[in-house]
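**Q** Heads up: the protein sequence lines correspond to chains G and E, in order. For the first sequence, this note's numbering puts the final residue at 229, and the numbers step up evenly by one. For the second sequence, this note's numbering puts the final residue at 1245, and the numbers step up evenly by one.
There may be inaccurate statements among the hints.
To be verified - Cβ-to-Cβ under 7 Å is the rule here; a few derived chain E residues that face chain G: (1) F1052; (2) N1063; (3) G1066; (4) A1067; (5) S1071; (6) T1132; (7) G1133; (8) S1134; (9) A1188; (10) V1190; (11) E1204; (12) S1223; (13) Q1225.
Derived by calculation from the structure, the hints in this document are not laboratory data. For each residue, glycine too, the CB sits at the ideal point set by N, CA and C.
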Amino acid sequence: MISRFQKFLFFAMLVACVAMAVFLIRLRNRAEDRLAAQAAAAPAEIGETTTSTQKTVTLYVPNDLDDSLIPWDKSLPLPEDRNAQARVILAALVEAYRAPGSTHPINVASGVNNVYFLPVAQGKDSGAHAGQMAVVDLSGALAAAQPSGIEPETLTLLSIMATLHANLPAVTQVHFLVDGQQRETLAGHADLTRTYLAGEEPSVQSGQRSAVGAQRSVLRDRDGSGAGQ
Amino acid sequence: MRWIEAAGAILLAAMASGAQQSPPPVHPLPPGPAVPAIPAPVNPPGVQPPRFLVVIDAAHGGNDIGARIESGVLEKDVTLGLAGRLRSTLHARGVDVVMTRTTDVNLAAVNRAEAANRVQASACLVIHATATGSGVHLYTSSLTPAANERFLPWGSAQSAYVTESMKLESEIDSALAHAAIPVTLGKASVAPMDSIACPEVAVEMAPLVGGHVTSSRALTDVSYQKSVVDAVAAALDQWRSDWKP
């Protein structure tokens, strides 16, 4: 025999469940509408941008023979959006890798899927390295076409970091992904599990030892006081 | 039950004061005849003096083939061959060598670091090869130099040895320059370098591109490999003469 009180309690809980279900469905619909509105308001794709302005950017192109980074100024139509700017700049850098007679040949059509920016958490003594972290999502095609070896892989990472920092000075740290995923190495050697600092201009020189300055000033560890200073 | 707590507190206080007030008994040495000071033995009896030992890590192996140097030539085979030649040359010079691998096997980075750290080596060389660039590329860890503590974090153990590693790199650089082999120096983040607790350099051998003073040599050229191995062995010999355990 079910008491009257238990019946009442059962129906009250049933009504509460239905009410909560309706409430959650409405919340979900609202979130979908909000995301759709954000997507509509987001900047157009690079190719469709109409507000791009012609600017001169500096690309740091590696030279495999002497381990150096060679600055190369190039005029590019840059969109207003920073993420899109970074993508355009890095696309130009990858194009330089692919160009005939390249000093760092990587034959790949599309090298960077996307670039995201994150604020760098400021600690007590991190004032010198405050800025933004660029998360560079490389394409799997670039990783597959990347010549394997410590030198070629390190030079690719260095040139991306130096190019980003030269044109977007707020970028002080760089983290790399491949096709949106964390990966251990670029092509068997250079570590992609860590975050690199890109806080200084590379001291580009010419000659056999030029890379010493360039690498030691740019490729440093996470806490920012590299040995090469 | 307050009296129990009070009694306990009194007892603890009494024990503490007793510990402070009763220092261990001191037994003064009786005045004896003046004797000349005897230098302390360098090593306690039964303990072997630290020996000069080099760890050679032939990178890659097994499924991890490394770079494809040219048709049919894989980095894992080149590094193993170079490591074997270097071991023989060092043995001939009277240097003890431990290799992380002597066959074509998969070896995780953590196992390589563990093998190197277990023997407390005087120098560690990580051998790589690439088809890109020219000459020999020498790399040290990109970690910040740090003081040598009793316990080192596994992921950054090399930080206590970065300064020594750069000295070793300089020795190898000089020896290769003496052998007229072009060298590039740099810093890199490559596993397992940051976890190795000894002076350590990654030696990456590339083909020799012809220039004003050099002639073109393939990476598989035996005489080119021999000249690199001889130069590195000479540098380690020099490192041994400067080595202080």
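**Q** Does each hint hold? Answer for all of them.
**A** Structure-based check of all given hints:
1. F1052: violated (25 Å)
2. N1063: violated (11 Å)
3. G1066: holds (6 Å)
4. A1067: holds (3 Å)
5. S1071: Result: violated, 15 Å to nearest chain G Cβ.
6. T1132: OK, holds: E/T1132 within 7 Å of chain G, min 4 Å.
7. G1133: At about 5 Å, which falls below the 7 Å cut-off, the nearest Cβ of chain G leaves the hint on E/G1133 intact, so it holds.
8. S1134: holds (5 Å)
9. A1188: At 5 Å from the nearest chain G Cβ, E/A1188 passes the 7 Å test, so the hint holds.
10. V1190: At about 5 Å, which falls below the 7 Å cut-off, the nearest Cβ of chain G leaves the hint on E/V1190 intact, so it holds.
11. E1204: Given a least distance of 5 Å, the restraint on E/E1204 holds.
12. S1223: Check failed: Cβ of E/S1223 comes no nearer than 22 Å to chain G, outside 7 Å.
13. Q1225: violated (17 Å)
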